[in-house]
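Colleague: Listed below are the residues making up each chain.
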Amino acid sequence: MATAEVERRRGQLAAVSIAVVVIIVGVPLWWRTTETYRAWLPVSQINELAKLQLQLSADVEVVFARGTVTPEQQKKVPLTQTQDEEHRVDEDTALRYRYETKYRTATVMEEDALNQPTAAEADLALHTLSESPCGSLVVYVIPESSSLLPQDVDVYIGQRRTALLRIGAQMRVGKTLNQLLTHMEPRVKQVLQVMSFSHTDITAALSDRVRLSPGSKESIADSMRAFKSSPGYEITFSLLNPDPKSHRLNWDIEGAVQNYIQPLLTKLAPVANFSIDSQTLYYAVLGVNPRFDSSLGSYTINADSLAHVINPVEARLGSNAASSNPVLNFLLYVPDAHHSPLHIHDRKKQQVKSNAFHSPRWGGIMVYNVNDFYGPEAAFPVDININMAKVMGVFLAQLRLLLGVQLSSPPPGFLVAPCGSAGLADWELDRLMWSRTVENIATATTTITSLAQLLDQIGNIVINDNIAELVSSAVTSLQLAVAELESGNLGFALQYSKEAILASERAFFDPSLLHLLYFPDDQKFAIYIPLFLPMCVPILLSLLKILSDARQRRREKQAKKD
Amino acid sequence: MAAHRCVSSALLVFVCVLSVFTVARSQETTPPGGHGAPATDGPQTVTETTGQTAGQPAAEERRWEATEVKEATPDESAAEEQEAPAADTAAPSAGPRPKDDFQEELVIRPLHSGDIYASFQFRTLWETDFTRENKVSHYRLFPKSLGQVISKFSVRELHISFTQGYWRTMQWGQPYQPSPPGAELWVWFQDSVTDVDETWKELTNVLSGIFCASLNFIDSTNTVQPSASFKPLGIVNVTDHRFLRYATLPREIVCTENLTPWKKLLPCGSKAGLAVLMKSEKLFHSSFHSQAVHIRPVSPTSWELRQTLNVVFDLHTSGQGKREWSLFKMFSRTLTEACPLASSSKIYVDVTDNPQGEQFELSPATPLLSQEVVLGDRRTFSVYDLTQQITFGTVRSLNLLIRWKSSEGDMLRPLLHGERYVAGYGLQTGEIHTLMYNYHPYRSFPVLLLDSVPWYLRLYIHTLTVTSKGKDNKPSYIHYQPSKDRLRPHLLEMLVQLPPNSVTEVTVQFERALLKWTEYTPDPNHGFYVGSSVISSLVPSIVAMDTNITQERPLFSSFFPCKEESSYFVRVYTEPLLVNLPTPDFSMPYNVICLTCTVVAVGYGSLYNLLTRSFQIEEPSPGLAKRLANIIRRMRGVPPL
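Going down the list, the sequences are from chains A and B. Heads up: the first sequence begins at 1 in the working numbering, then just goes up one per residue. Heads up: the second sequence begins at 1 in the working numbering, then just goes up one per residue.
Mixed in with the good hints, there may be bad ones.
As the list claims (entries may be wrong) - Okay, derived cross-link-like pairs now, DSSO-like style, lysine-lysine, Cα gap no bigger than 27 Å in a straight line:
1) B:Lys263 to B:Lys282
2) A:Lys228 to B:Lys152
3) A:Lys348 to A:Lys390
4) B:Lys264 to A:Lys245
5) A:Lys267 to B:Lys152
6) B:Lys264 to B:Lys282
7) A:Lys390 to B:Lys99
8) B:Lys99 to B:Lys263
9) A:Lys245 to B:Lys263
10) B:Lys152 to B:Lys264
11) A:Lys545 to A:Lys561
12) A:Lys245 to B:Lys279
13) B:Lys152 to B:Lys231
14) A:Lys524 to B:Lys516
15) B:Lys263 to B:Lys329
16) A:Lys560 to A:Lys545
17) B:Lys201 to B:Lys516
18) A:Lys245 to B:Lys271
19) A:Lys228 to A:Lys51
20) B:Lys484 to B:Lys201
21) B:Lys99 to A:Lys245
As the list claims (entries may be wrong) - Okay, the calculated beta carbon distance ranges per label pair:
22) A:Ile529 to B:Thr518: 23 to 31 Å
23) A:Ala378 to B:Thr336: 19 to 27 Å
24) A:Tyr37 to B:Glu431: 42 to 50 Å
25) B:Thr518 to A:Ile23: 31 to 39 Å
26) B:Ser406 to A:Arg316: 45 to 53 Å
To be verified - Residues on chain A that point at chain B, a partial pick, calculated with CB under 10 Å:
27) Gln12
28) Ser246
29) Ala321
30) Ala526
31) Leu533
To be clear, the hints were calculated from the coordinates, so they are not data collected in a lab. Think of the CB as a built atom: it goes at the ideal place given N, C-alpha and C, for glycine as much as any other residue.
Start from the sequences, fold in the hints, and give me the full structure.
Modeller: This is how it looks when you write it as structure tokens:
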């Protein structure tokens, strides 16, 4: 009996030790060999970014010219005011605008500059005196009697970052400075909204993050028209010649780009890189047959059918083989001899004066009729030189629209200086930079948070070190961009936001994330079960048996004691 | 063989046992990531649509807007510089001389087999400098997509061909542009390129997008750098083969989706000129189809883009027994005009073998005859100039018709020919035989043989033999680069002297490697392709070749530059090989997993029982006889035993 007892104890010991070996060695080994590599991601920082609190700081300098403040007001003048404005866009996104307004009186040289005969000259002279940094504004307050501005104009917005503000007559006498300032404040704010950013622009730029409540159709169409922010754009000019047998077209695209487009793009260089090319497509036809309108003696295309125009052409335009940046297409369509002249009619059946139209986030088309350049008896093919000034005027206007440099109509009493040879005023560039920065930040945060969510949800995805690095650098750049926005350094903020968007997109679209093999759990178990079941069942059973034995023995002992 | 199977299956059993433990681990490395794609795409599309749905109705409604232009001339100063008043007027004689030039050409060669060989050539010449610092970006006749490729990847020369079918040199003679079955790509890069391999990889990906082909399957395992066989065809100043990459995809199927982008590169598309004949349902209903794009610099400042398309139509499949051929019958189109952009547009019909019209009848007849030296032979062609209205006659359309009268006549045998096959049996070893024929009656000439063999055929280079006329023929130059598993293929280049009127045989033995189970193609029992060998040679010419480059010549005779009068350049591709590799049963891993698990479980179970059970000696039960006896004894009332 004693030997049997020893034998039984040995068996129990063996079972327990096998179970211990399986648990201590087997399970960790299995765990280690089957786990996927997942590098560390800055999850807490990403979660912080999911709740975005953006602060936009704009510096405004208000300069009082002689005759706008009384001497006793003047004594208090060098002072600074800060105004905060808070907006809640949705539960995760909040905006705060901070306007730092500095007041001072004009220097002697500025006074001289303001004494120029016209506003444009004054603007230029003020610009040569001092150059204000990107993102800041200078508002010169000029007396009512000043002859710089026409009678019905209160505010003049120059080509650079300066504006002239005329002060009302009744404000000067017998008021304290504070009253004067409170009187001026709405005007200054209007100037700010025109020249740097307005709430509608910024919320439109946030559209990647925030589901907008359907506002007015007009404003949505405006915000949908411009291309989304991207580090680079490809601009392609295409000359469509459906009838090379009749028309031999020459266009000096090289010179035209140099003269008209390049200055604008040089100015826009901080926002994005641009590359330009052009091509000529022969036998490219529009997708609709124009109708002949005998009352006008010309062929017409209605605005309703414009949507079908592009499709057959687009197949031939070709995508850019060498980059993946968005392409802006500008097509110059010269109708064939049998369908000339061709005019576009808008919804009100009126002839469109420019004979051009554009499609949001795609590009523009201009129809260029050449039938006036030759008589009916002309010998085909006819050589035709295209007037590039006319064409480029249209394309430049479309380009500005598509890039988002749109001029919403200024408030009453505002006079906006025509943009100069660059085709873009400094403050327009600032405006674009504000909205692009916000848009980049919005897009990058969305990308990063959705990537983090995805990785969190699907545990099988391998996260390599380079992905983690990209994510971290995107997060750092985002934080920097937000911080720079807060301190009002627009240029740096844009730079960091571009870096953030690049890094986040590269992380999101990294092919290594696609290397996921999605094994359904049932298949995994089908493979594990033939091994695990026969191994684990005896262990479990013998463990159970040991337990029940021990319990029985304890009961016996208890019975013995009793 | 059975033993080999046994060993390999034992190996697999072992591998699979291991794989049980590492199933989830191997998830990282096994490629089919297709399942993952939608999962990862999900959030992105969501983020995009959120932006769009908000503005959807408005955007749809206002998608097209008339452009209001406030300032017609935004830049007054610049506008003044322009010759604005003069610009509007039609200028009949004005306009700068265009810097680009387009030519098109069709050569028709009736073959002795009764087939018809049609070779289209389109050439765009452009005076420009892609290597300039500021990129060339204004395209007229030259296709924009290719121009961007050249300037982005600093390409000096690019040759790409897609071929369906095999060119039968012995029946059809030499083609104007030789090409191997499948896809072939070879590129010379500028010497300014620092990382050639990376550039090559990007380039193949971009080209596969442009031509809708699987060129993205070109990687380091099928790319070689030939040292001598592929010299630049344009003007040369670099011949350092570090900047050359050559790859073939013998398996590539060529079809309509490759033809459409190819046609799109033509300035007239398929709307006018010779390209109207290219209807894909007819072109691919042929014995041989090859389309190619060749880009090369022809002078320091001008580039040439040559698009060629070669088709051999089988007379017997479509001729309904009648030996008659016409443009309409073959292409289901006739010609009505030249491409208006082309400076020359011609059709050549090879009538050399038919001087008196005894072999076939050609209509409409043309008075224009031209003699060209091509492929070492002087040939006579009837020429139809499409830029002349008279060519189209009164019906305003040209429908060439060839009606055969007799089927006799013999062809001038091509002087150089190559063949290749795999010998051996079983799935372990084999032997590659390459035969090179020199049919020249009295001249011997050297040829360069290039062989690129994938790594999974392990060449035993010590078994390389070259014999001609039963004697050992020692190559005067051998360049051999051994393969690295899963990294690069074998490259074997040799310069062999072919004796007159002889067959030279090159043999090399190989062993088949075992692939990993993810490396097999979806249809592994079909076999694995090995690209064609390339035989390049300067073949002695019977007639004096034309070495004058500047002289205007038809396109088909000016493809390979000719340096000396006495010889001409020929490239011959052999057949691609189809080799069977040992193929496992792909459901085996799971079976093996189950089997091994069962074996392990049985062994483990008995061991476990031995270790944990306690054994006791039991009283042996009495035997059957004894029990029976006891029963009987009990019945009798006698005490049991």
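Colleague: For every hint, state whether the structure bears it out.
Modeller: Do the hints match the structure? See the list:
The straight-line distance between the Cα atoms of lysine 263 of chain B and lysine 282 of chain B is roughly 15 Å, inside the 27 Å bound, and the hint therefore holds. For the hint pairing lysine 228 of chain A with lysine 152 of chain B, the CA-to-CA distance comes to about 25 Å; that is within 27 Å, so the pair holds. For the given pair, lysine 348 of chain A sits about 25 Å from lysine 390 of chain A by alpha-carbon distance, which is consistent with the 27 Å threshold. At most 27 Å may separate the alpha-carbon atoms for a hinted pair to count; lysine 264 of chain B and lysine 245 of chain A meet this at roughly 19 Å.
Proximity of lysine 267 of chain A to lysine 152 of chain B is assessed by CA-CA distance (about 25 Å); at most 27 Å being required, the pair is judged to hold. As the CA atoms of lysine 264 of chain B and lysine 282 of chain B are separated by approximately 18 Å, the hinted pair is consistent with the 27 Å bound. Between lysine 390 of chain A and lysine 99 of chain B the alpha-carbon distance is near 25 Å, which keeps this suggested pair within the 27 Å criterion. Annotation: proposed proximity of lysine 99 of chain B to lysine 263 of chain B holds, straight-line Cα distance about 22 Å (limit 27 Å).
Under the criterion of a C-alpha separation no larger than 27 Å, the hint pairing lysine 245 of chain A with lysine 263 of chain B is consistent with the structure, at around 20 Å. The hinted pair formed by lysine 152 of chain B and lysine 264 of chain B meets the criterion: a straight-line CA distance of about 21 Å does not exceed 27 Å. Pair hint lysine 545 of chain A plus lysine 561 of chain A holds up; C-alpha atoms about 24 Å apart against a cutoff of 27 Å. For the given pair, lysine 245 of chain A sits about 23 Å from lysine 279 of chain B by alpha-carbon distance, which is consistent with the 27 Å threshold.
This hinted pair checks out: lysine 152 of chain B and lysine 231 of chain B have alpha carbons roughly 22 Å apart, not beyond 27 Å. Annotation: proposed proximity of lysine 524 of chain A to lysine 516 of chain B holds, straight-line Cα distance about 21 Å (limit 27 Å). For the given pair, lysine 263 of chain B sits about 21 Å from lysine 329 of chain B by alpha-carbon distance, which is consistent with the 27 Å threshold. A threshold of 27 Å between alpha carbons decides the hint, and for lysine 560 of chain A with lysine 545 of chain A the separation of about 22 Å falls inside it, so the pair holds.
Under the criterion of a C-alpha separation no larger than 27 Å, the hint pairing lysine 201 of chain B with lysine 516 of chain B is consistent with the structure, at around 24 Å. Proximity of lysine 245 of chain A to lysine 271 of chain B is assessed by CA-CA distance (about 12 Å); at most 27 Å being required, the pair is judged to hold. With a C-alpha separation of about 22 Å, the suggested pair lysine 228 of chain A and lysine 51 of chain A falls inside the 27 Å cut-off, and the hint holds. In summary, the hint linking lysine 484 of chain B to lysine 201 of chain B is supported, as the alpha carbons are separated by about 19 Å, within the 27 Å threshold.
For the proposed pair lysine 99 of chain B and lysine 245 of chain A, the alpha carbon gap of about 19 Å is at most 27 Å, so the pair holds. For the pair isoleucine 529 of chain A and threonine 518 of chain B, the beta carbons lie near 24 Å from each other, so the given range of 23 to 31 Å is met. A C-beta distance of roughly 23 Å is found between alanine 378 of chain A and threonine 336 of chain B, which places it inside the suggested range of 19 to 27 Å. Remark: the range hint 42 to 50 Å for tyrosine 37 of chain A to glutamate 431 of chain B is upheld by a beta-carbon distance near 45 Å.
Between threonine 518 of chain B and isoleucine 23 of chain A the C-beta distance comes to about 34 Å, which sits within the given range of 31 to 39 Å. Hint check: serine 406 of chain B to arginine 316 of chain A, Cβ distance near 47 Å, so the stated range 45 to 53 Å holds. At its closest, the beta carbon of glutamine 12 of chain A sits 7 Å from a beta carbon of chain B; the interface hint therefore holds under the 10 Å criterion. Against a cut-off of 10 Å between C-beta atoms, the interface hint on serine 246 of chain A holds, since the closest Cβ of chain B lies about 9 Å away.
The criterion of a C-beta within 10 Å of any C-beta in chain B is met by alanine 321 of chain A, whose closest approach is roughly 5 Å, and the hint holds. Proximity of alanine 526 of chain A to chain B holds as hinted, the smallest CB-CB distance being about 8 Å (cut-off 10 Å). Because the closest C-beta pair between leucine 533 of chain A and chain B is about 8 Å apart, less than 10 Å, the hint holds.
Checked against the numbered hints listed earlier, the structure breaks none of them; every hint is satisfied.
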